[in-house]
Amino acid sequence: MQSRRRDEDFIPRLLITLFVILVDVIMLYPIINVISISLSSYTGYLENPIMLFPTDFSLSAYNQVFQYSLMLTGYGVTLFVTIFGTVLGVLLTILTAYPLSRKQFRGKGIFMGLILFTMFFSGVMIPSFLLVKSIGLLDTIWSLILPGCLSAYNVILVRNFFSSLPDSLIEAAEIDGANEPFILFRIVVPLSKPIISTILLFVAVGYWNSYFNAILYIRSRELWPLQLVLREIIMSATAMNQSTDGNLAEMGNAAVQPIMLQYASIVVAMVPILCIYPCLQKYFEKGIMMGAVKG
Amino acid sequence: MMKKTTSLLVLAALLVSTVTGCGGGGAASSAAGNAQDGTQSTSAGSAAADDKSENVNIHIFGSFWPAEQNELTLYLLEQMEKENNVTIELEVPPQSSYTESLQMMLAGGDYPDVVNFSDHTDKMFTQGVDTGLFVPITEEIQNAPNLLAHTYDVTWEAVKTKQDEDIYMIPRTTVVRNDGYVLRQDWLDNLGITLPKDLVVTQEEFFDIMKQFTENDPDGNGKNDTYGLVPSPSSDGYLYPISVGAFDCYGWQESDGEYAYMDPSYEIGNENYKAALQYSADLWTSGYILPDWPILKSGDDGQRLYSGEVGCNVVFGGHVALRETEAKKLNPDAEMTYLAGISNSEGELLGSSNGAGIWGGWAVTNVCENKQRAVDLFDWLLSDEGWRIINYGEEGLTYTMEGDTPVVIADAYKELKNNSWGQIFVRRCDDPTFFLDLSLPQEELDATSEWIQTSMDTVIFSKDMGFRPAIADDAAFIEAENKRKEVMTKIIMGELPVDEYDNALTDWYAKGGQTYVEQMNEYIASKE
Chain L
1 MQSRRRDEDF IPRLLITLFV ILVDVIMLYP IINVISISLS SYTGYLENPI MLFPTDFSLS
61 AYNQVFQYSL MLTGYGVTLF VTIFGTVLGV LLTILTAYPL SRKQFRGKGI FMGLILFTMF
121 FSGVMIPSFL LVKSIGLLDT IWSLILPGCL SAYNVILVRN FFSSLPDSLI EAAEIDGANE
181 PFILFRIVVP LSKPIISTIL LFVAVGYWNS YFNAILYIRS RELWPLQLVL REIIMSATAM
241 NQSTDGNLAE MGNAAVQPIM LQYASIVVAM VPILCIYPCL QKYFEKGIMM GAVKG
Chain S
1001 MMKKTTSLLV LAALLVSTVT GCGGGGAASS AAGNAQDGTQ STSAGSAAAD DKSENVNIHI
1061 FGSFWPAEQN ELTLYLLEQM EKENNVTIEL EVPPQSSYTE SLQMMLAGGD YPDVVNFSDH
1121 TDKMFTQGVD TGLFVPITEE IQNAPNLLAH TYDVTWEAVK TKQDEDIYMI PRTTVVRNDG
1181 YVLRQDWLDN LGITLPKDLV VTQEEFFDIM KQFTENDPDG NGKNDTYGLV PSPSSDGYLY
1241 PISVGAFDCY GWQESDGEYA YMDPSYEIGN ENYKAALQYS ADLWTSGYIL PDWPILKSGD
1301 DGQRLYSGEV GCNVVFGGHV ALRETEAKKL NPDAEMTYLA GISNSEGELL GSSNGAGIWG
1361 GWAVTNVCEN KQRAVDLFDW LLSDEGWRII NYGEEGLTYT MEGDTPVVIA DAYKELKNNS
1421 WGQIFVRRCD DPTFFLDLSL PQEELDATSE WIQTSMDTVI FSKDMGFRPA IADDAAFIEA
1481 ENKRKEVMTK IIMGELPVDE YDNALTDWYA KGGQTYVEQM NEYIASKE
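From first to last, the protein sequence lines are chains L and S.
1 is the number of the first residue of the first sequence in our numbering; add one for each residue after it.
1001 is the number of the first residue of the second sequence in our numbering; add one for each residue after it.
Quick caveat, the hints were computed from the structure, so don't treat them as lab data.
Computed from a predicted model, the values in this text were never measured in an experiment.
Built from N, CA and C at the ideal position, the CB exists for glycine as well.
It is possible that some hints are incorrect.
What the hints assert, rightly or not - Computed, partial: chain S to chain L, Cβ under 7 Å:
no.	residue
1	1067
2	1091
3	1094
4	1095
5	1097
6	1100
7	1104
8	1107
9	1307
Claimed, not checked - To give a feel for the contact side, a few chain L residues facing chain S, derived at Cβ under 7 Å:
no.	residue
10	43
11	46
12	68
13	70
14	126
15	129
16	133
17	216
18	219
19	232
20	235
To be verified - Using C-beta positions, here's what the derived DEER-type ranges look like:
no.	chain 1	residue 1	chain 2	residue 2	range
21	S	1282	L	20	49 to 55 Å
22	L	127	S	1166	31 to 37 Å
23	L	191	S	1087	55 to 61 Å
24	L	11	S	1486	50 to 56 Å
25	L	49	S	1472	39 to 45 Å
26	S	1139	L	222	37 to 43 Å
27	S	1077	L	50	44 to 50 Å
28	S	1292	L	119	39 to 45 Å
Can you build the whole structure from these sequences, using the hints too?
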């Protein structure tokens, strides 16, 4: 009986396995290709642009990327912004979501409405700039952290998760004399590791990849984040100087082929995130599903 | 009960704090007010003595690259400050996002003294002139002998933004040229082709060279894997005919037709322009142009030359040596040479300019308290002393003096000069050494100088000077213009016969083209 069931399952399982392998290859191939090209010479790239392994191994692209002193400051700024911004963002999200998940909070409907409103309507570039300027954050590192620190979407996710926790747990704690901060940080948060890990990853990746706030609010090159520095390196190398009107004399030449520089920049930017993600992966999936269960 | 009251109070406080975050347009309004009021005080300020005994602060907002300041840039800035007794506050936004940063700066109200625009017709600049943010510097320019001596006359006309006698920008001159082509010399040698001594060929000779580059295995690898040329990639997605100068098309010139001035590309029935279109179409349909041409971006044409896919690019004469250096990295046998161009029906080499010899410039704002000192700073850069630093760098670092002649120190010069911000400020229109790699051996330097000189000597200024008529922003006209370009592209790709261009022009005239031509005629007539 069991062996017959196994025989019946064999073909479907084989097909599913093959399909999953295909999806894995489709997902992994671009990353492996980018890394391989970044470690190859330009000739190697031209010979075989779809390579899986480096051809004619060369680190010249990385040499050019790292010879900029702004790379060091860029890494420093991005690390500070990501770490501090993630901690602050997650803390604010938890502190905002918790009262909104409590039944006793009478005003939560109004605040939830206001939060939802910001998801659909927000200030565009110039109003945001004027706001940041008026509160004195212009050209400071805080302008890279505070605007956009609290995401409405994350608040909703966490609030839904908190709502799904058994009321009896919280009631039991209240009976034992626990106050709200105690309940939040000693009971609710430890039970919410999946969702907190999820939003931690969202927030961290968001800060790591951000560069547009720097374009708007930062004047000093020492405060340029990593992504902006990489963008500048690539733009200088491709000599796509703005508005040269096709004036050939104004267009320079690159020491390293621009395409190689682009690939090296992609690797430099994504490696730290690739290192963090596996640690949080086990919580990620669980967190997303749990946050979506209850509205 | 207490708890309930407390929570209601907290709720009320939170609601109040949420809505009081709105408003506060006062800062922006007062900045706009200052922009208007500031004009008067700035004019009064500029009338004050322009002597350099007092150190003044000049705040410059500009697009500079690369992002890092090398030794040469620091030296140049130091000399600018020392020789002009100024303190320069340089604000350098990311070059890749300069437009956004410029918008933020203009919206924010904290204006610098001098702002860089890479296009003298930039809307933000012209609107700033209209609102009084950017002020005329006509008087100050009269006291700038170097700027006056080394700038084209037509360039000054181009920066009279309001079409009156007032100058609104310190122009950044670019050398006006009739660019030629770079060819693979080794391919020519393999095919037994010798270029004429004057480096000018006829239309038939050029066609034949492209044919041989495509069909006769010029690289000798036994494969049919080469193409004649790839023309310059287009910035707007449409294809344009190559070498229109060879067909007596020189932009806006005096005309015997209905209008006093006409550009052949806008004249219905102009056989010269149609001949230029047909020539490009013949090259394309014969397969002598790289098939990827329509989808290439700026800089890609060079890459295809280096990789040996094509044997010819449009090039500025000063870049031939650079092309060879890059190509040799992939193929040590690659050699490049320059072709000055294709002669016209009378055997002459001529081509039109693209613009007024200007690549944007520097606008002075109404908050600048020392307009003359700001202009003097840029004027100094074109003085003999400033110009030597821009071209040669720092004595002892990038060049040494042998008698009166500066001689470059090759390695330091190559590493530092091209990445120096001295490339960005201003230039002399009559000195193309700015564009030369002075570390080249003397023989190559002489050849390159000759190529550049030829391109400067064979250029005819198009009378429009890069002017953009008001109708050019009209939606219906833009659609008609795109349609015209689409037909032109299809003709070049062999999908439409060349006579379709006249039909496209008829339609173009009906949808705003006539107004365009009339406005252009008005502008040119006002300048003549």
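A quick look at each hint next to the structure:
A cut of 7 Å between beta carbons decides the hint on residue 1067 of chain S: the least distance to chain L is about 4 Å, and the hint holds. Against a cut-off of 7 Å between C-beta atoms, the interface hint on residue 1091 of chain S holds, since the closest Cβ of chain L lies about 6 Å away. Using the Cβ-Cβ criterion of 7 Å, the hint placing residue 1094 of chain S at the interface with chain L is satisfied: the shortest such distance is roughly 5 Å. Using the Cβ-Cβ criterion of 7 Å, the hint placing residue 1095 of chain S at the interface with chain L is satisfied: the shortest such distance is roughly 6 Å.
Look at residue 1097 of chain S: its Cβ gets to within about 4 Å of chain L, closer than 7 Å, so that hint holds up. Below 7 Å, beta-carbon pairs count as interface contacts, and residue 1100 of chain S has one with chain L at about 5 Å; its hint therefore holds. Hint status for residue 1104 of chain S: holds, given a least beta-carbon distance of 5 Å to chain L, under 7 Å. Proximity of residue 1107 of chain S to chain L holds as hinted, the smallest CB-CB distance being about 5 Å (cut-off 7 Å).
For residue 1307 of chain S, the suggested interface contact is upheld, since its CB lies about 5 Å from the closest CB of chain L, less than 7 Å. A least Cβ separation of about 5 Å between residue 43 of chain L and chain S falls short of the 7 Å threshold, and the interface hint therefore holds. Residue-level restraint check for residue 46 of chain L holds (minimum Cβ-Cβ distance to chain S is 5 Å; threshold 7 Å). At about 6 Å, the closest approach between the beta carbon of residue 68 of chain L and any beta carbon in chain S falls short of 7 Å, and the interface hint on this residue holds.
About 6 Å separates the beta-carbon of residue 70 of chain L from the nearest beta-carbon of chain S, less than 7 Å, and the hint is met. Interface hint at residue 126 of chain L: satisfied, since its Cβ lies 5 Å from the closest Cβ of chain S, which is below the 7 Å cut-off. Given hint, residue 129 of chain L at the interface with chain S, holds; its Cβ is 5 Å from that chain's nearest Cβ, closer than 7 Å. Satisfaction of the interface hint for residue 133 of chain L is found here, the shortest Cβ-Cβ separation to chain S being roughly 6 Å, below the 7 Å cut-off.
Among the interface hints, the one on residue 216 of chain L holds; its C-beta lies about 6 Å from the nearest C-beta in chain S, closer than the 7 Å criterion. Using the Cβ-Cβ criterion of 7 Å, the hint placing residue 219 of chain L at the interface with chain S is satisfied: the shortest such distance is roughly 6 Å. Because the closest C-beta pair between residue 232 of chain L and chain S is about 4 Å apart, less than 7 Å, the hint holds. Satisfaction of the interface hint for residue 235 of chain L is found here, the shortest Cβ-Cβ separation to chain S being roughly 4 Å, below the 7 Å cut-off.
Distance hint for residue 1282 of chain S and residue 20 of chain L: a CB-CB separation of about 54 Å, consistent with the stated range 49 to 55 Å. Between residue 127 of chain L and residue 1166 of chain S the Cβ separation comes to about 34 Å, which falls inside the hinted range of 31 to 37 Å. Roughly 60 Å separates the CB atoms of residue 191 of chain L and residue 1087 of chain S, a value that falls within the hinted 55 to 61 Å. The hint said 50 to 56 Å for the Cβ distance between residue 11 of chain L and residue 1486 of chain S, and at roughly 53 Å that hint holds.
At roughly 40 Å, the beta-carbon separation of residue 49 of chain L and residue 1472 of chain S lies within the given 39 to 45 Å, and the hint holds. The supplied range of 37 to 43 Å is met by residue 1139 of chain S and residue 222 of chain L, whose beta-carbon atoms lie about 39 Å from each other. The beta-carbon spacing between residue 1077 of chain S and residue 50 of chain L, approximately 47 Å, falls within the hinted interval of 44 to 50 Å. A C-beta distance of roughly 43 Å is found between residue 1292 of chain S and residue 119 of chain L, which places it inside the suggested range of 39 to 45 Å.
Hint violations for this structure: none, all hints satisfied.
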